[in-house]
Amino acid sequence: MVEKFDAIVIGAGPSGNAAAYTLAKQGLSVLQLERGEYPGAKNVQGGIMYAAELEKIIPDFRDDCPTERHIIEQRIWLLGDDNYIGTNYRSDAFNTETPNRYTIIRANIDKWFSEKIREAGGLQICETTVTELIHDAAGKVIGVRTDREGGEIHADVVIMADGVNALLAKRSGYQKELAPENVALAVKEILFIDPELIQQRFGLKGDEGVVIEIMGKVTKGMVGTAFLYTNKESLTIGIGCLISDFKQGSVPPYKMLEDLKNHPVIKPLIEGAEMKEYAAHMIPEGGYKAVPQLFGDGWMVVGDAAHFNNAAHREGSNLAMASGRMAAETVAELKKAGKPFSAANLAAYKARLDDSFVMKDLKKYLNLPGIMHENKQFFGAYPDTLTAAAHNWFTVDSVDKRTKEKEIMKSFVKKRSVLGLVGDAIKLVRAVR
Amino acid sequence: MHIVVCIKQVPDSAQIRIHPVTNTIMRQGVPAIINPFDLFSLEEALRIKDRVGARVTVLTMGPPMAETSLRKALSLGADDAVLLTDRKFAGSDTLATSYALTSAIKKLSEEEPVDLVFCGKQTVDGDTAQVGPGIATRLGFQQLTYIAKIEAIDEAAKEIVVHRRSEGGVQVMKTKLPCMITMLEGTNTIRFGKMDDMFRAARYGLKTWSKDTTGADETKVGLKGSPTVVSKVFVPKPRAERAKMVEAEGASPDALAAAAVEAIFGAQPKLAEDLVGRAAAGL
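Chains as they are written, first to last, in the numbering used here: chain X, 1 to 433; chain P, 434 to 716.
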């Protein structure tokens, strides 16, 4: 006999977990399928977790959620060849009972979240890959087929939380292939290190943490960013660039990460650490314009599979959790009202998203991916001139200050021309306004 | 036919790291898996079930988290699962473990007589290969270790024919049931479970037994029942000497041999002196 559920959620990442938990809490029968050996086995994230979205789903998550460090300092660095120029913001006010941002190790969080779903009554099955959606004669999704014998399972609605590749949506013709300029490839390492060394090097006590977001020459002019995060007993370091750039560039991702680790301003921070884990993952970076069709008869798509990632602010998992929750709330509402899960009714999911920070933020930066892609000077010429200017300014060598100012101005104009500089400023302001 | 498969949840030894500062094993973040040797025994039990029909019960002793390993075994096709867990079992060595598991198997026999007990050849975390034979001895079962193949099983005559790998050959052995079998690694491949079994495993109400459930004697389990003493735990020092690749010009055996001799003599001048001296003396 074919099993039947109110809802099937495919994937046990942030979006799938948010959806499955919300559905189970509302008393719906929910089956969550995960292809990995355990929830989180296939998931990779930097990562920083923003508390607000998880708090909406599990208000007392801080009681037992395995976070790493709460962030009290944010650094933003622009790397030159052997230097950086940057800003730091650190505040003791971040040491609250309810911190807003934590560094995390994704797999630990997913395992914890999954436990909560089981406690709420959701059924979870791992090591099982959904190979296709099952449609009825009218084209409505009525279930899924898995790679196991007797693998047909039915449900009133299927929520696809299967990650950036969104294979199921593609197989069903709901999405097109990803464009290389809309996806980044990021590589990262978790480096094990004595917690005392972390505290010394970053000036921390207890579970305080620092995160560094990095741009600059280390991406060899490609559109990309890097990061260094402090965990409890490890550091996470990673770098990512658009796949379209990697295709043209001569530097493979692992080499770029090696270069970052050997950079004179990074090296002392990770000295003596031992590599514990190496991972690579794709990140959807196309923004608002790349968001696909989000729902149809009997189906919805959430998280990375729906391209919900705010590259400008390096937010992804919170958008994922928000979209999973909103999809589930839509389902629960329709179920309660006894309405069918038709495309017309599921459109309420899109309306919720449009009304939330998810779509509002993506819309705000809708032109940013394109501008970054077409204006590589942000990743090459600017780091060079800015760091050179700083170097000039802070070198006290009996050259008078007015001459220094002139030299610095000249160096900018030489690299970009006055028109170029003004143009870049206008482009950036327009893109982020 | 009733088959009991004893399994153990172990840390995935391929992923264990040594703490660089304290030199202790870091279990944090290391996934727990079914002891890989146990899977060959579990698969063989499931094949007997497929061939002649049987009820397969998986049994493990361990902390509550061992539940995931039992569910995994259920998802592969085992019928029932028993978790033997009790703080009083903590610290058991192989003698105490085989006693505790035997007490559980005896209790399982009360429900339905056990014809076959399967154990892993050894574990990847202890490597003693003592628990299986310990159980067989306590139960008074024939023990068939290092089995490569189960040739035939006759339920009516209560007989089994197996191939046992031994030094220099294969022993074909026939014995009466009940017996205890440990399978040799690489003799089969664990199956990919069916969807029905995945559902059954996810919903299965696990049986959790304590020391009192099986009526085990408190003095024979846990640290009290374990005569083994761990006197010292240490990380082996990496060897100072490294293997060396010797290269020679051309690929002729003479050139290669000469280069090898030169490299060895270079590293061991005393040996060189001695050998050259002996050669000169016509020895």
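Derived from the structure by calculation, the hints contain no laboratory data.
Because the structure is a prediction, the values reported are computed rather than measured.
Keep in mind that the hints are not guaranteed to be accurate.
[Stated by the list, open to error] When the alpha-carbon atoms are kept at most 25 Å apart in a straight line, the in silico PhoX-like pairs for lysine-lysine are as follows:
| no. | chain 1 | residue 1 | chain 2 | residue 2 |
| --- | --- | --- | --- | --- |
| 1 | X | LYS376 | X | LYS289 |
| 2 | P | LYS521 | X | LYS111 |
| 3 | P | LYS627 | X | LYS42 |
| 4 | X | LYS364 | X | LYS376 |
| 5 | P | LYS521 | P | LYS539 |
| 6 | X | LYS116 | P | LYS640 |
| 7 | X | LYS364 | X | LYS350 |
| 8 | X | LYS140 | X | LYS4 |
| 9 | X | LYS289 | X | LYS247 |
| 10 | X | LYS220 | X | LYS4 |
| 11 | X | LYS289 | X | LYS255 |
| 12 | P | LYS607 | P | LYS591 |
| 13 | X | LYS116 | X | LYS42 |
| 14 | X | LYS111 | P | LYS640 |
| 15 | X | LYS276 | P | LYS670 |
| 16 | X | LYS415 | X | LYS401 |
| 17 | P | LYS670 | X | LYS4 |
| 18 | P | LYS591 | P | LYS609 |
[As the list claims (entries may be wrong)] Distance ranges between label pairs, derived from CB positions:
| no. | chain 1 | residue 1 | chain 2 | residue 2 | range |
| --- | --- | --- | --- | --- | --- |
| 19 | X | GLU37 | P | ASP587 | 34 to 44 Å |
| 20 | P | GLU651 | X | GLU258 | 38 to 48 Å |
| 21 | X | GLU177 | P | LYS665 | 58 to 68 Å |
| 22 | P | ALA688 | X | GLN377 | 53 to 63 Å |
| 23 | X | GLU258 | P | SER643 | 27 to 37 Å |
| 24 | P | ARG450 | X | ARG118 | 24 to 34 Å |
| 25 | P | THR608 | X | GLU258 | 56 to 66 Å |
| 26 | P | THR608 | X | GLU152 | 41 to 51 Å |
| 27 | X | GLU119 | P | ASP587 | 26 to 36 Å |
| 28 | P | ARG450 | X | ARG62 | 23 to 33 Å |
The beta carbon of each residue, even a glycine, is placed where N, CA and C say it ideally should be.
> Taking each numbered hint in turn, which are not upheld by the structure, reported in ascending numerical order?
Replying inline: Numbers 2, 10, 11, 17, 20, 23, 27, in rising order.
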